[in-house]
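J.: Numbering (the numbering used here), first residue to last: 1 to 443.
Be careful, since some hints might not be right.
So the derived label-pair ranges between C-beta atoms look like this [to be verified]:
#, residue 1, residue 2, range
1, Asp333, Arg285, 49 to 59 Å
2, Asn2, Glu184, 47 to 57 Å
3, Glu159, Glu262, 48 to 58 Å
4, Arg75, Gly145, 17 to 27 Å
If you're looking for bench data, these hints aren't it; they were derived computationally from the structure.
Note that the Cβ used here is the ideal one computed from N, Cα and C, for glycine as well.
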Amino acid sequence: MNSDNVPIIVGAAQITQRWSDDGPHLDALGLMEQVARAAIADTGARGCQETIDTLAVINTITWSYRDAPGELSRRLGINPQQRLYTAIGGNMPQMLVNRYAARLEAGHASMVLLCGAEAGYSARRVASGLDLGWPPFTEPERIDGDMRLGSSDYEIRYELTLPTFIYPFFETALRASSGRRPDEHAAFLGRLCSRMSRVAASHPNAWSREELTAEEIATVTPDNRLVGYPYTKRMNANISVDQGAALLLTTVGQARRLGIDEERWVYPMGGADLFDVWEFTRRPRLDESPAIRRAVQLALAQAGLELPAIDWFDFYSCFPCAVQIGARMAGLDIDDPRGPTLTGGLPYFGGPGNNYSMHAIATAVDKIRKQPDGHAMITALGWYITKHSVGVYGRRPPAVAWNERDSGGAQAEIDAASLPPPLEQCDGRLTVDAFMIRHRRSG
1 MNSDNVPIIV GAAQITQRWS DDGPHLDALG LMEQVARAAI ADTGARGCQE TIDTLAVINT
61 ITWSYRDAPG ELSRRLGINP QQRLYTAIGG NMPQMLVNRY AARLEAGHAS MVLLCGAEAG
121 YSARRVASGL DLGWPPFTEP ERIDGDMRLG SSDYEIRYEL TLPTFIYPFF ETALRASSGR
181 RPDEHAAFLG RLCSRMSRVA ASHPNAWSRE ELTAEEIATV TPDNRLVGYP YTKRMNANIS
241 VDQGAALLLT TVGQARRLGI DEERWVYPMG GADLFDVWEF TRRPRLDESP AIRRAVQLAL
301 AQAGLELPAI DWFDFYSCFP CAVQIGARMA GLDIDDPRGP TLTGGLPYFG GPGNNYSMHA
361 IATAVDKIRK QPDGHAMITA LGWYITKHSV GVYGRRPPAV AWNERDSGGA QAEIDAASLP
421 PPLEQCDGRL TVDAFMIRHR RSG
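Generate coordinates for the entire structure from the input sequences, incorporating the hints supplied.
T.: Take a look at the structure:
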């Protein structure tokens, strides 16, 4: 591995726009512009902006633009040869780090800006009739990447398309394998989520900085109704937020040429991307994720580390089941004192669409800069615990080069375990592996 081509993160920034009647009321692109400028400034060196040759923008879900990468380039005054607008998926930020670490190492890029934002809270005001002067909502002219739907035709026929009504299946499967009674499991979920809210309460960019008790989270009240059993409202990701995050990646050689202080450098030390069986109704088990287990193993092996060397974890947290499955597949006890989140998670820190994990990575960068001997692990997922990307970060190069990684046929092994298509009618005894109860606002 040519040491000059080792990829590093040299800039990271986050922004949270808290609502004020007096403004500002930036849309998603406005937030991207601000946070991109902040990430560039975070390098502490001049000349970075002019060298950006690659821009990747995370797909926005609360507002849409014809050409978000092109418009952001124009606003920043940059002219990247490579522009990308991702497909849908919460795995996208970490997947992009893994992808562009390999491209930087191979010499196919020299300065990469990754950026994303959502203005979901403000978008709700616009939907209610408030004019904030935003550009019109327009469909993107191009989306790069895998555009498969997260649900099969069979699942769609049974209205299994919304995360709020699919993730509860994973949770009831977890409860069954844990042996807990329903009341015991509700209390367990309350404790897990309370611990996460405590982290959010101390994070400067968290949307909600209120520490909630286990009882406040788990108890059903008019303000905390059941959504998809067994989840209360406070256990669900909160997408009604105005948040953005950006990362700037380059190589060791380019950073030295630009005079970026080595204390700003954070190395992507390992990474892996795998899918579970695509249709959740055809997975052998709903309380496990072979893809997360194998991706964690591969990322740690590339980094030359074992799990005890990781100081900080951020397991994707759209719903409590995702946190539990992520930790379990990594081999971490859910009550480990290191904790399952760097930010507080999507219900409390905030769930800015597909870009949440960019915030987790930016937080990891900040932690590592302050504690140079520390290591962080980020797991990110898309659809229904379907698409997975894992990253390990620290202050030294990976043990295995990015373009020498070998997944050892892991994806083929996972795919081969797929169950046959579901039967809509059958005779005989059945075992209920998981269930959910859909609740309306009225009960």
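J.: Hint by hint, say whether it matches the structure.
T.: Going down the list of hints, with the structure as the test:
Between aspartate 333 and arginine 285 the CB atoms are about 20 Å apart, so this pair departs from the stated range of 49 to 59 Å. Take asparagine 2 and glutamate 184: their Cβ atoms lie about 55 Å apart, and the range 47 to 57 Å holds. Between glutamate 159 and glutamate 262 the beta carbon distance is about 54 Å. The supplied range of 48 to 58 Å therefore holds. Taking 17 to 27 Å as the suggested C-beta distance range, the pair arginine 75 and glycine 145 conforms, at roughly 24 Å.
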